[in-house]
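Q: Input sequences plus hints: build the corresponding full structure.
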Amino acid sequence: MAEQAMPAQRAVTIEEQRRTIDELETPVLQVWDSVLALPIVGSLDTARAQRMTEALLEAISSTGSDVVILDITGVPVVDTATAKHLLETVSAAKLMGAEVMLVGIVTRTALTLVHLDIDLSSVITRTTMAKGMELAFARLGLEVVRRAGSGPAHPASDGGGPL
Amino acid sequence: MARVPIVRVGPVLISTLLSGLLDQEVLQLQEELMDSIEQSGARGVLLDISTVETVDTFLGRLLADIAAGARLMGAHTVVVGLQPAVAVTLVEMGLEFKAVHVALNAEKGWALLRRLLAP
Chain Y
46 MAEQAMPAQR AVTIEEQRRT IDELETPVLQ VWDSVLALPI VGSLDTARAQ
96 RMTEALLEAI SSTGSDVVIL DITGVPVVDT ATAKHLLETV SAAKLMGAEV
146 MLVGIVTRTA LTLVHLDIDL SSVITRTTMA KGMELAFARL GLEVVRRAGS
196 GPAHPASDGG GPL
Chain G
266 MARVPIVRVG PVLISTLLSG LLDQEVLQLQ EELMDSIEQS GARGVLLDIS
316 TVETVDTFLG RLLADIAAGA RLMGAHTVVV GLQPAVAVTL VEMGLEFKAV
366 HVALNAEKGW ALLRRLLAP
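Chains Y and G supply the protein sequences, listed in that same order. Read left to right, the first sequence gives residues 46 to 208 (our numbering). Read left to right, the second sequence gives residues 266 to 384 (our numbering).
You may find that some hints are simply not true.
[As the list claims (entries may be wrong)] Using 30 Å as the maximum straight-line C-alpha spacing, the simulated DSS-like pairs for lysine-lysine come out as follows: (1) Lys-129(Y) to Lys-373(G); (2) Lys-373(G) to Lys-363(G); (3) Lys-129(Y) to Lys-139(Y); (4) Lys-373(G) to Lys-176(Y).
[Stated by the list, open to error] Pulled from the structure, derived: some chain Y residues nowhere near chain G, Cβ distances all over 10 Å: (5) Gly-109; (6) Gly-119; (7) Val-151; (8) Leu-187.
Bear in mind the hints are in silico, worked out from the structure with no lab data behind them. Virtual Cβ for every residue (Gly too), placed ideally from N, Cα, C.
A: Put into structure tokens, the structure is as follows:
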């Protein structure tokens, strides 16, 4: 057995690393009143997706949130299995009455999704978290405006519109 | 057999599903809800399932059926108070909840119904 042959020190190291990875689990962030965000980093296996979904649903329930933004910028490869997990999370959150957005769809991810013929038409998707926030604000009837005479002075930011 | 009360508030019928309802009782509720919609011309149904801790395929199907039936009779159905475990189970069942609107709690569900029923 490989495990028995492994030096005890190495097994301890691996166990410590596993615990660290567990601690790096996706946090559920309340980014605004009624808005939750989940920055997903790394690949998504079944066990992790389940823990993530549970944490999200509990957070929706306890905070009474209306909008959830799933950010997959940090997911290196969105394959069929990952997409299935994501869609299940989205469906569950929708059943809790939340509107769910999937953001962080970069070119590479979009191409993969198209190539794999994965149907995400049931989900609102955006490229960046900023775009997701913008949409979330719109859904909540909020508007972000720059106060006259404040904010960064460089010309590039003048009249730049929302985010 | 325990009966599930149906309360009418304006154009909306409100009912609460309790945990541990028998299949027969849920079927009876479906029938009574349909009858109520037909007789009262209700335009909305608010189903609170916040005390339901587990759903089986039967109850899941029935919720979808109630909503689909109500839809045919011109009423919107809002199911409120799904517990996290219930939501996960329904997703795992792969049920199509097309005709069903959901909301986190009765308050949000009521607000949603008002929006849906707004002229």
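Q: For every hint, state whether the structure bears it out.
A: Verification of the supplied hints:
no. : hint                     : result
1   : Lys-129(Y) to Lys-373(G) : 29 Å, holds
2   : Lys-373(G) to Lys-363(G) : 19 Å, holds
3   : Lys-129(Y) to Lys-139(Y) : 15 Å, holds
4   : Lys-373(G) to Lys-176(Y) : 26 Å, holds
5   : Gly-109                  : 6 Å, violated
6   : Gly-119                  : 24 Å, holds
7   : Val-151                  : 26 Å, holds
8   : Leu-187                  : 17 Å, holds
Of the numbered hints listed earlier, the single one contradicted by the structure is hint 5.
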